[in-house]
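Protein chains: 2
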Amino acid sequence: MNDLNAFVQPQRERILNELFTLLKIPSISTDPSHNADCRRAAHWAADHLKALGCPRVELLASETHPVVWAEGPDAPGKPTVLVYGHYDVQPADPLDLWDSPPFEPTVRDGNLYARGATDDKGQVFSVIKAFEAVSRGGRPPINARFLIEGQEESGSKVLFDLLEREPERVNADAVLVSDMPYFAPGWPSVEAGLRGLCAAEITVRVLKGDLHSGLYGGAAPNAHETLVHLLAKLKTPDGKIHIPGVYQAVKRPSAAERAAWKKLPFNERAFQRDEVGSRALTGLKPYSVLERIWALPTFEIHGIVGGFTGQGTKTVIPAVATAKVTLRLVPNQKTAVVARQLSAAVKKLAPKWADVSLKIMHGADPVLVDISAPPFKLIDQAFREVEGRGVVPTRSGGSIPIVPALGKRGAPVVLAGIGLPDDRLHAPNEKIGVEQVFKGIRVFGRFFELMGGA
Amino acid sequence: MNDLNAFVQPQRERILNELFTLLKIPSISTDPSHNADCRRAAHWAADHLKALGCPRVELLASETHPVVWAEGPDAPGKPTVLVYGHYDVQPADPLDLWDSPPFEPTVRDGNLYARGATDDKGQVFSVIKAFEAVSRGGRPPINARFLIEGQEESGSKVLFDLLEREPERVNADAVLVSDMPYFAPGWPSVEAGLRGLCAAEITVRVLKGDLHSGLYGGAAPNAHETLVHLLAKLKTPDGKIHIPGVYQAVKRPSAAERAAWKKLPFNERAFQRDEVGSRALTGLKPYSVLERIWALPTFEIHGIVGGFTGQGTKTVIPAVATAKVTLRLVPNQKTAVVARQLSAAVKKLAPKWADVSLKIMHGADPVLVDISAPPFKLIDQAFREVEGRGVVPTRSGGSIPIVPALGKRGAPVVLAGIGLPDDRLHAPNEKIGVEQVFKGIRVFGRFFELMGGA
Numbered sequence: 013m014n015d016l017n018a019f020v021q022p023q024r025e026r027i028l029n030e031l032f033t034l035l036k037i038p039s040i041s042t043d044p045s046h047n048a049d050c051r052r053a054a055h056w057a058a059d060h061l062k063a064l065g066c067p068r069v070e071l072l073a074s075e076t077h078p079v080v081w082a083e084g085p086d087a088p089g090k091p092t093v094l095v096y097g098h099y100d101v102q103p104a105d106p107l108d109l110w111d112s113p114p115f116e117p118t119v120r121d122g123n124l125y126a127r128g129a130t131d132d133k134g135q136v137f138s139v140i141k142a143f144e145a146v147s148r149g150g151r152p153p154i155n156a157r158f159l160i161e162g163q164e165e166s167g168s169k170v171l172f173d174l175l176e177r178e179p180e181r182v183n184a185d186a187v188l189v190s191d192m193p194y195f196a197p198g199w200p201s202v203e204a205g206l207r208g209l210c211a212a213e214i215t216v217r218v219l220k221g222d223l224h225s226g227l228y229g230g231a232a233p234n235a236h237e238t239l240v241h242l243l244a245k246l247k248t249p250d251g252k253i254h255i256p257g258v259y260q261a262v263k264r265p266s267a268a269e270r271a272a273w274k275k276l277p278f279n280e281r282a283f284q285r286d287e288v289g290s291r292a293l294t295g296l297k298p299y300s301v302l303e304r305i306w307a308l309p310t311f312e313i314h315g316i317v318g319g320f321t322g323q324g325t326k327t328v329i330p331a332v333a334t335a336k337v338t339l340r341l342v343p344n345q346k347t348a349v350v351a352r353q354l355s356a357a358v359k360k361l362a363p364k365w366a367d368v369s370l371k372i373m374h375g376a377d378p379v380l381v382d383i384s385a386p387p388f389k390l391i392d393q394a395f396r397e398v399e400g401r402g403v404v405p406t407r408s409g410g411s412i413p414i415v416p417a418l419g420k421r422g423a424p425v426v427l428a429g430i431g432l433p434d435d436r437l438h439a440p441n442e443k444i445g446v447e448q449v450f451k452g453i454r455v456f457g458r459f460f461e462l463m464g465g466a
Numbered sequence: 013m014n015d016l017n018a019f020v021q022p023q024r025e026r027i028l029n030e031l032f033t034l035l036k037i038p039s040i041s042t043d044p045s046h047n048a049d050c051r052r053a054a055h056w057a058a059d060h061l062k063a064l065g066c067p068r069v070e071l072l073a074s075e076t077h078p079v080v081w082a083e084g085p086d087a088p089g090k091p092t093v094l095v096y097g098h099y100d101v102q103p104a105d106p107l108d109l110w111d112s113p114p115f116e117p118t119v120r121d122g123n124l125y126a127r128g129a130t131d132d133k134g135q136v137f138s139v140i141k142a143f144e145a146v147s148r149g150g151r152p153p154i155n156a157r158f159l160i161e162g163q164e165e166s167g168s169k170v171l172f173d174l175l176e177r178e179p180e181r182v183n184a185d186a187v188l189v190s191d192m193p194y195f196a197p198g199w200p201s202v203e204a205g206l207r208g209l210c211a212a213e214i215t216v217r218v219l220k221g222d223l224h225s226g227l228y229g230g231a232a233p234n235a236h237e238t239l240v241h242l243l244a245k246l247k248t249p250d251g252k253i254h255i256p257g258v259y260q261a262v263k264r265p266s267a268a269e270r271a272a273w274k275k276l277p278f279n280e281r282a283f284q285r286d287e288v289g290s291r292a293l294t295g296l297k298p299y300s301v302l303e304r305i306w307a308l309p310t311f312e313i314h315g316i317v318g319g320f321t322g323q324g325t326k327t328v329i330p331a332v333a334t335a336k337v338t339l340r341l342v343p344n345q346k347t348a349v350v351a352r353q354l355s356a357a358v359k360k361l362a363p364k365w366a367d368v369s370l371k372i373m374h375g376a377d378p379v380l381v382d383i384s385a386p387p388f389k390l391i392d393q394a395f396r397e398v399e400g401r402g403v404v405p406t407r408s409g410g411s412i413p414i415v416p417a418l419g420k421r422g423a424p425v426v427l428a429g430i431g432l433p434d435d436r437l438h439a440p441n442e443k444i445g446v447e448q449v450f451k452g453i454r455v456f457g458r459f460f461e462l463m464g465g466a
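Here the protein sequences come in this chain order: A and B. For the first sequence, counting from 1, position 417 maps to 429 in this note's numbering; every step adds exactly one. For the second sequence, counting from 1, position 257 maps to 269 in this note's numbering; every step adds exactly one.
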């Protein structure tokens, strides 16, 4: 513990500079024009792990978004901990809402602002640095494995395919994932569940080509209007999703789990005002806010493409409109089933004048974690020593597509991050607390020591 | 008449080249980045009218979209004909749907493709050439006046202000506007009415900033979802506009006018399949298709701005969404009244979690023309001589904002164009028939001769 402080304190500047280098790479995995940047980020991680003394470092599986796989020096008789993280980031637009450019990391008021600062570069970086801290002299307390991928934000297809072919790559006694926030400042958490995802594009075509709204308006169908009516039927303002069958597989959290959530330091009014930043909350009224964001499926519209969206006015009747949408899924929904349900619902809602098509972009199954296994006691102890408070049980409404596959071989998956709730991941001005990064190095280093029996 | 043929035939190439020069200027008036292009187009028109022998040519009223005003040589004792047209064009996107670039005029199969080919550069050009044809030797059969503006596509504000200050600029015995199509190939028409326009942006804000749909989805409002529900309520799929009061001032066309429309060579099935290019028509069922597009108001969504519309997926809950919309208006609706009705409706539909605001972009009042005045008999005769068929009475669903102001001083406004119904104005691959341009020169030249008593 004191050793970890001794590692961090004199080297703060060097450590931050390394993180800056990683954050400067615009490794946006959903945009093919950034494929070369994704490769650069993968190489950064691989080179870094090599420099730390990992004898086996490999770039696997892809020209565009390589999976970085590495093993630390052998620690005979010690357990194996697999560290999972990702080097890819979300798109950064709208750029004009950033106070400093998304790929020029900037520290203001104790926070480090950059796309990927908290999701996940800053977090996986702190785990790597923790391993560096405990492996001085090439004798770490555990057998470490690293799996750092580049498609987390776009469905992890490359990694899924890899683990299908070589499942032994993730053999371990425990899996550690730091890609999530504390429940509140000073309140670290361990997540007992993640929502899944089904991302899709709904496209409506009603005309051969765009038309003049003066000459044809009143008799010609309008793609945006048709799409708007279709979307309005898929989810009503009360928060109910109207996709037949979509709620069938939803398993409510146990009474015990919901009771534990009631004890969390959660203030609905502050959440609404300070975190969400809205005049009111929405969603299915019979359920608590935490249940709505952690354990109920959602349907969100992210953007609508087509027609005229430039400066000024263009009085066109659009021929084609596309809605970018996702559903978040909860145990025991299956992405493939929901994709079929959505497709059927959308086709059924198509009026006779419209061709409606659905393109499934990517998906992730939801996750439930049994948090009673031994490693959870150790991460609790590590946080207790460093943070002065152990972990509270939560869930996340977010999705990490590969997590179900990581736990498939029986290793407990510890989902415990160092972000904070106001980190604005996926949004402009994403950040991570600088002290959270250093705290993370100490917590995860301590976790490795405890796993090794120290 | 023979003289006009003699003018056109040997000079086809020279005439087309002049039109090409005008069409190459991307004078998009709704986009401020094209202000310099609008100025260039104005100068082209002014220089051209000077070269034709107009002794008085002025650029009036604006730095950005000058109004070109000109008078031809004096023709003592002859009536005055005011020619109105516009040199500005609609935006050209989506560019990828054009078979040839919008500002590189291209002739294919007897059609000239370019943005502005039919709306209105090609048409006003044919009127100017007609004047050139009849004024050889500097002795035209009429006193001509030209008023060629650059804001028709964005509300004609500069011209409205000018005519407020100097109404005598449009003193005339007749006004001629060629900015419309035939009713069908071989069927020239004269329009007895134009719809008006009310263009607006509806903006919904529900969050301080964009949020992560995993972390907040289920409890945070979504701007696109809120906007979609609002838009779905403003117009139902049956074509009814749900803005309180909006139909109050609507005056149905007379039984006689509707009876005349029934005699037009209109095939609803062909209109739907070949012109609209859709599987079915939409709109208010009790009314005929022609009444729906000529004499009923519309509400159209042109595009929705905000959220994520790039490549791939971004799982963001959008904070702000804006719909670009317009209403087409019919006699006796007033733009200002409808703007107030829309604003009230939108505010009433705002849910408690949303700030909804409305920005009125520009407007145009609808027009009714009494087509029994003498100049209408002369345009009928001119078409009869050149086309072999006189004009049929129609209306247009489109809008020309300044027309009501042109007719205010009592001059009959002749709305008779040379476009064809498939010219795709405001859409990709806009075109004009090459022969229609030459026919226009002969028709309008003959109209000038007839007005002059020849």
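To be clear, the hints were calculated from the coordinates, so they are not data collected in a lab. From a predicted model like this one, the values you see are computed outputs, not experimental measurements. Be aware that a few hints might be false.
[What the hints assert, rightly or not] Short derived list, chain B residues pointing at chain A, Cβ under 8 Å:
no., residue
1, Ile27
2, Asn183
3, Leu223
4, Gly229
5, Ala244
6, Glu269
7, Ala272
8, Ser290
9, Leu308
10, Gly315
11, Gly324
12, Val349
13, Gln353
14, Lys364
15, Arg396
16, Ser411
C-beta: ideal position from N, C-alpha, C; glycine also.
inquiry  = Taking the earlier hints as the rules, which of them does this structure contradict?
reply    = 1, 2, 6, 7, 12, 13 and 15
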